[in-house]
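4 protein chains.
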Amino acid sequence: MVLGEKPLKNALKDSESKLRTGITKVEPNKLITRGYSQEDLISKLSYSEMVYLLLKGEIPSKKVAKMFNHVLVSFCDHGVTPPSTQTARLVASSGSPLNVALSGGLLSFGKNHAGAIEKSMELFQSSIENSEDIEDNEINKIASFIVENSLNNKKKIPGFGHRYHNEDPRRTAILKLAFKEELIGTHIKLALAIENLLMEKKNVKMNIDGANAAILSDMGFAPQDGTGIFIIGRLPGLIAHINEEVNEEAEFRKFCDIDDIFYHGNKNRILD
Amino acid sequence: MVLGEKPLKNALKDSESKLRTGITKVEPNKLITRGYSQEDLISKLSYSEMVYLLLKGEIPSKKVAKMFNHVLVSFCDHGVTPPSTQTARLVASSGSPLNVALSGGLLSFGKNHAGAIEKSMELFQSSIENSEDIEDNEINKIASFIVENSLNNKKKIPGFGHRYHNEDPRRTAILKLAFKEELIGTHIKLALAIENLLMEKKNVKMNIDGANAAILSDMGFAPQDGTGIFIIGRLPGLIAHINEEVNEEAEFRKFCDIDDIFYHGNKNRILD
Amino acid sequence: MVLGEKPLKNALKDSESKLRTGITKVEPNKLITRGYSQEDLISKLSYSEMVYLLLKGEIPSKKVAKMFNHVLVSFCDHGVTPPSTQTARLVASSGSPLNVALSGGLLSFGKNHAGAIEKSMELFQSSIENSEDIEDNEINKIASFIVENSLNNKKKIPGFGHRYHNEDPRRTAILKLAFKEELIGTHIKLALAIENLLMEKKNVKMNIDGANAAILSDMGFAPQDGTGIFIIGRLPGLIAHINEEVNEEAEFRKFCDIDDIFYHGNKNRILD
Amino acid sequence: MVLGEKPLKNALKDSESKLRTGITKVEPNKLITRGYSQEDLISKLSYSEMVYLLLKGEIPSKKVAKMFNHVLVSFCDHGVTPPSTQTARLVASSGSPLNVALSGGLLSFGKNHAGAIEKSMELFQSSIENSEDIEDNEINKIASFIVENSLNNKKKIPGFGHRYHNEDPRRTAILKLAFKEELIGTHIKLALAIENLLMEKKNVKMNIDGANAAILSDMGFAPQDGTGIFIIGRLPGLIAHINEEVNEEAEFRKFCDIDDIFYHGNKNRILD
Chain A
1 MVLGEKPLKN ALKDSESKLR TGITKVEPNK LITRGYSQED LISKLSYSEM VYLLLKGEIP
61 SKKVAKMFNH VLVSFCDHGV TPPSTQTARL VASSGSPLNV ALSGGLLSFG KNHAGAIEKS
121 MELFQSSIEN SEDIEDNEIN KIASFIVENS LNNKKKIPGF GHRYHNEDPR RTAILKLAFK
181 EELIGTHIKL ALAIENLLME KKNVKMNIDG ANAAILSDMG FAPQDGTGIF IIGRLPGLIA
241 HINEEVNEEA EFRKFCDIDD IFYHGNKNRI LD
Chain B
1001 MVLGEKPLKN ALKDSESKLR TGITKVEPNK LITRGYSQED LISKLSYSEM VYLLLKGEIP
1061 SKKVAKMFNH VLVSFCDHGV TPPSTQTARL VASSGSPLNV ALSGGLLSFG KNHAGAIEKS
1121 MELFQSSIEN SEDIEDNEIN KIASFIVENS LNNKKKIPGF GHRYHNEDPR RTAILKLAFK
1181 EELIGTHIKL ALAIENLLME KKNVKMNIDG ANAAILSDMG FAPQDGTGIF IIGRLPGLIA
1241 HINEEVNEEA EFRKFCDIDD IFYHGNKNRI LD
Chain C
2001 MVLGEKPLKN ALKDSESKLR TGITKVEPNK LITRGYSQED LISKLSYSEM VYLLLKGEIP
2061 SKKVAKMFNH VLVSFCDHGV TPPSTQTARL VASSGSPLNV ALSGGLLSFG KNHAGAIEKS
2121 MELFQSSIEN SEDIEDNEIN KIASFIVENS LNNKKKIPGF GHRYHNEDPR RTAILKLAFK
2181 EELIGTHIKL ALAIENLLME KKNVKMNIDG ANAAILSDMG FAPQDGTGIF IIGRLPGLIA
2241 HINEEVNEEA EFRKFCDIDD IFYHGNKNRI LD
Chain D
3001 MVLGEKPLKN ALKDSESKLR TGITKVEPNK LITRGYSQED LISKLSYSEM VYLLLKGEIP
3061 SKKVAKMFNH VLVSFCDHGV TPPSTQTARL VASSGSPLNV ALSGGLLSFG KNHAGAIEKS
3121 MELFQSSIEN SEDIEDNEIN KIASFIVENS LNNKKKIPGF GHRYHNEDPR RTAILKLAFK
3181 EELIGTHIKL ALAIENLLME KKNVKMNIDG ANAAILSDMG FAPQDGTGIF IIGRLPGLIA
3241 HINEEVNEEA EFRKFCDIDD IFYHGNKNRI LD
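Residue numbers (the numbering used here), protein chains in the order written: chain A, 1 to 272; chain B, 1001 to 1272; chain C, 2001 to 2272; chain D, 3001 to 3272.
Simulated from the structure, these hints should not be mistaken for lab results. For each residue, glycine too, the CB sits at the ideal point set by N, CA and C. One or more of the hints may lead you astray.
To be verified - The calculated lysine-lysine pairs, modelled on BS3-like cross-linking and capped at a C-alpha distance of 30 Å, are:
no.	chain 1	residue 1	chain 2	residue 2
1	B	1066	A	30
2	A	156	D	3111
3	B	1201	B	1154
4	B	1062	A	44
5	A	267	D	3030
6	B	1267	D	3030
7	B	1056	A	63
8	D	3111	A	155
9	C	2154	D	3180
10	C	2063	D	3062
11	B	1066	A	205
As the list claims (entries may be wrong) - Some, not all, of what chain B presents toward chain C, calculated at C-beta under 7 Å:
no.	residue
12	1019
13	1025
14	1035
15	1044
16	1184
17	1258
18	1265
19	1271
What the hints assert, rightly or not - Negatives, chain B to chain C, calculated, CB over 10 Å:
no.	residue
20	1040
21	1169
22	1179
23	1180
24	1185
25	1220
26	1252
27	1270
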């Protein structure tokens, strides 16, 4: 240990040799999660309320629960196109069990893949310091600044534009629901203002990541929660793909074969 | 390729160079999952209905959807005691991102950990050939046979007994709900008959895995779906633990340290 | 805990709250591995001797060390064709760091992929009960039995035949070296006898997995060590592929795109 | 695609539908790696030379090969104390196969765990712009600057200090070998100069990561290669630990149990 750093606690144990947690209290014949008995939670909560409770420590209002449910559903599946789905199927095809194939899929949620929602939440949340007390024209100014900045630097704004969809159908559905539930907070306002400007200048719309980033920001989730919520929503789709792979395709498939490969390296070196 | 085996299809492509899927159709501005437009699914389905649709290809009845929701919630969390939770926290503590820590947690769902529900479903489903047409006394006979067999071979019956709980509180809650919803099929009857006998002879009750294995079997899920549904239910809990680890504990924790280790190997060999 | 099972030790700790290991003794300023000081090992062992020491607990003879080194090198790389390589590159392309992409590659070593060497070792070792005391004509009889059995059941013999190579060039090189080092034990004899018969009847040769399975069996490695040794040998190649992916290719690549996908599921279902 | 970004290549295929690689050319009965036939490589290279060839594209001189071999051996094992080892054993204990337990171990090489060697290489390489043409007193000045900076900011210098060892025995062995082989380049000189100053002021020595970071930098490896080389060196040790876990310990172990856990969350909330 050098140079004045405070000593790390080097074990998962605290001073009394205990691991600490505030999530679930396990006692014989008794399970308390976030303060509630699991019997009660099992009987009374919807799965999306349970997710919310686990992540935020509180049960959401019925209105927020409904919206949060829509968000989870909206992440469900995007076919075989995402690399995570391809990885999960490739690992399953090698004969590894379900949990392992799923695990492989999750490893593909690297910064180029699942990062958009988190980056979008960071952008929205860092742009609005005090969301209680901000007026609409102030939001428009922030949107202007973000879009100008993006155009000048030729950088994409995370959460806007989609490689396949001009208008991501999930974006449209989820925004409609947010209006219906009257859950339009400052972050959604900001996202819509950015979209307005991008449409004018580039014909580019918000995508599902941007819409959900705004909704989740209005619900008070931190940016890093975005990735977790995305993964929860996508997991059942990954399982469906793994099942499809195992049940309907030949084992040990490859995405490419010997003829698909171009070798551009050295060819004729001699070892003495 | 030898010995008369039929040639493997060696690529994920079929004869027309296409990857095949029946889960989601992706077209510009249009996403169809299991035949329904995602706009509709986002607006109208609960998250547990969506999971059911992805895994089974059909939307469940309201009654089944309600019960399936209870099952998902019942898997939510069991504190820091399961190895998967410890693995996820350990990986998170090393500084790896959320998706990677989650992935580590999933890798710990090996056959000794998350296997009980699948094995329990296999047992129930293989014991009852035709669940449409079976009488209660026949079910009791099967239960007798299973329990005798287990006692004679001194082998646990998967889904019964719990290392911490004499009466797993989740089992009690979920069975009560199954009765309330009048969803008592042959597999639950079999599980209850086994429990009766085990209580008599060994004072051992069904656990949550056994109860959910029976419920899911009655819903028509295959054994291998059990693990997937368990993982979906447990994932949000794992995320909560990873967040807790990252937010509240020192980095680079260990579950043991140099003083906790007993070395029993060779000590003084000399290399010439 | 039910039904007379002996209680599991539920912690990594033994009765004195210690984790046990016989691999490395860690003391302040002193590291003893398999009985030798690490200073000595670092100065005097080749890396393949070190691998052997870690796995078997003993330093090999110079002759065996040489052969074991050849085996490790022979696993080095097979281009982009193996699914593990494709998985590692796919995960790397998503923006995950090196250790994560490597981890993804390892997950693809499922039973359909890296299993051949282990299955081949199982076959060789289970066919020869006492390798000290067996005559060549007895080995030939065993080979005959294995080949007849395979032909009758139309099942491949693990370690023979290759999807790309009629004659796997690595097999030829490694067998030549085994002869040169005069390390032809009963398991290699058995493998050669099987190959003779398969050549006669099916024009099928041993592959590198079969050759290495025989060599490692003669060295006294257990079947389950085969997979580990294969992974050690292949790891540097996987790293080279990940580096190539990161340094020379665009981010977020996919092995297929929207046009490569054929959707065969439901198309027009209506949700009410 | 928005805002003027150049379109990503969205497939692993290039314009001619080929995957590209410069590592291994696969043809029927022929394998060329880095320009050499694999038959030749198998017969003539030591495993550490093969690793070097795969990573750098060139075969090292005998002197460098020898030193690189020492470096690989020096990473071999550090007992049960590193989190990666604990993770690998925990996953193995859950009943997952070897490749999966190894994969779990690799996931624990997060930035807090395996990052030191890479950060150390970055520091050394970014501090010396032109290593051909630098004089010893210039190196001493750079060392001074680095140490002053560290003391002022109370930040550790990566590669110096060890949590268990005052003098890491591997550091001492590996430096001695570098002197013996007369492979003392500018990066080792810099590391030694930093150590001199830290010893004077803080009684802190270089550790094995710092020593290897300097040696590998002098060999021309990039910082990101450091992690890969570390993982190659550590992998056999992880396998030894997984084997030990599977062969000598009870299944489904945990690093903590119910009594080791302190719950500090809510206890008595009521759900209506």
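Can we keep the residue 1025 of chain B interface hint, with Cβ of chain C closer than 7 Å?
-> holds, 4 Å
For the pair we were handed, residue 1201 of chain B and residue 1154 of chain B, check the Cα-Cα distance against 30 Å.
-> Holds - the C-alpha atoms of residue 1154 of chain B and residue 1201 of chain B are around 13 Å apart, at most 30 Å.
When you check the alpha-carbon spacing of residue 1066 of chain B and residue 30 of chain A, does it fall within 30 Å?
-> holds, 24 Å
Straight-line alpha-carbon gap residue 3111 of chain D to residue 155 of chain A, limit 30 Å = This hinted pair holds, its Cα atoms lying about 28 Å apart.
Pair hint residue 1267 of chain B and residue 3030 of chain D, alpha-carbon separation not exceeding 30 Å = violated, 47 Å
Check the non-interface label on residue 1270 of chain B: least C-beta distance to chain C beyond 10 Å or not.
-> violated, 8 Å
Non-interface label on residue 1179 of chain B, tested against every C-beta of chain C at 10 Å | holds, 25 Å
Proposed interface contact between residue 1019 of chain B and chain C, which counts if any beta carbon pair is under 7 Å | holds, 5 Å
Within 30 Å, alpha carbon to alpha carbon, are residue 1056 of chain B and residue 63 of chain A?
-> holds, 29 Å
30 Å limit on alpha-carbon distance, applied to hinted pair residue 1062 of chain B and residue 44 of chain A | holds, 16 Å
Chain C contact restraint for residue 1265 of chain B - C-beta distance below 7 Å | Status holds, d = 3 Å.
Is the hinted pair residue 1066 of chain B and residue 205 of chain A satisfied, with a Cα-Cα distance of at most 30 Å?
-> violated, 37 Å
When held up to the earlier numbered hints, the structure conflicts with 6, 9, 11, 16, 20 and 27 and fits the remainder.
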